[in-house]
Amino acid sequence: RKEVEQDPGPFNVPEGATVAFNCTYSNSASQSFFWYRQDCRKEPKLLMSVYSSGNEDGRFTAQLNRASQYISLLIRDSKLSDSATYLCAVNLGALTFGSGTRLQVQP
Amino acid sequence: DAGITQSPRYKITETGRQVTLMCHQTWSHSYMFWYRQDLGHGLRLIYYSAAADITDKGEVPDGYVVSRSKTENFPLTLESATRSQTSVYFCASSVDNEQFFGPGTRLTVL
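Respectively, the protein sequence lines represent chains A and B.
Numbered according to my numbering, the first sequence spans residues 14 to 120.
Numbered according to my numbering, the second sequence spans residues 10 to 119.
Worth double-checking, as some hints may not be accurate.
Think about it this way: if two alpha-carbon atoms lie no more than 25 angstroms apart in a straight line, the pair counts; the simulated PhoX-like pairs of lysine-lysine are [said to hold, decoys possible]:
no., chain 1, residue 1, chain 2, residue 2
1, B, LYS66, A, LYS92
2, A, LYS92, A, LYS58
3, B, LYS66, B, LYS20
4, B, LYS66, A, LYS15
5, B, LYS66, A, LYS58
6, A, LYS58, B, LYS20
Reference listing, derived: stretches of chain A covered by chain B, where coverage requires no fewer than 3 residues with Cβ under 8 angstroms from a Cβ of chain B [to be verified]:
no., region
7, 28-41
8, 103-114
Just so you know, the hints here were simulated from the structure itself, not pulled from any lab data.
The beta-carbon is built from N, C-alpha and C at its ideal position, and this holds for glycine as well.
Bound conformation, chain A alone (with noise of 0.2 angstroms):
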């Protein structure tokens, strides 16, 4: 079993829709978490740190689940600008990064 699983999607939705993605991790004692963002052919970049009392950052909101060991990522009203790869990471001593869930934001 991977450390850090995703959906690699792809997700594909209307502009407006929400989608929610989740992230599962295997190790209990991750310490902490993350979303990043990339686009295609471009460096990831962090999105958001996900706490555990759950955090929103305008139309994202992130969430974690320690009981179930999963992060979600939720994104409202989607833009086509939001069309990229979501890749969850979580720190046991160093990241270790999901391989990513692709969004298509469509018209």
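Fit chain B to the supplied structure of chain A, relying on the hints for placement.
For chain B alone, kept in the frame of chain A given last:
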């Protein structure tokens, strides 16, 4: 205000040659990392460094060598390149567990 830079951005080399990928950061972050990214595998950690002169292996270190004589530089060397090392290589530095990536080096080994 360069942040973190990598050079070269593109490199084509031949099997058996030595190749060095450069990484430079201007933030004075203690931690630096090298990843490779391949289809189907996502980002995999090659080596990381907690400070100057301190380096440690990641998930896929075989065939790679790193050094960290100065805090701002973290070069990655492929001592004898193989076709399986064809990949996109990302360098990163971190503060407070948040990592910031360089633009990547696309390496092709023929």
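Checked hints:
{"no.": "1", "hint": "B:LYS66 to A:LYS92", "verdict": "40 angstroms, violated"}
{"no.": "2", "hint": "A:LYS92 to A:LYS58", "verdict": "18 angstroms, holds"}
{"no.": "3", "hint": "B:LYS66 to B:LYS20", "verdict": "24 angstroms, holds"}
{"no.": "4", "hint": "B:LYS66 to A:LYS15", "verdict": "19 angstroms, holds"}
{"no.": "5", "hint": "B:LYS66 to A:LYS58", "verdict": "23 angstroms, holds"}
{"no.": "6", "hint": "A:LYS58 to B:LYS20", "verdict": "23 angstroms, holds"}
{"no.": "7", "hint": "28-41", "verdict": "violated (count 0)"}
{"no.": "8", "hint": "103-114", "verdict": "holds (count 8)"}
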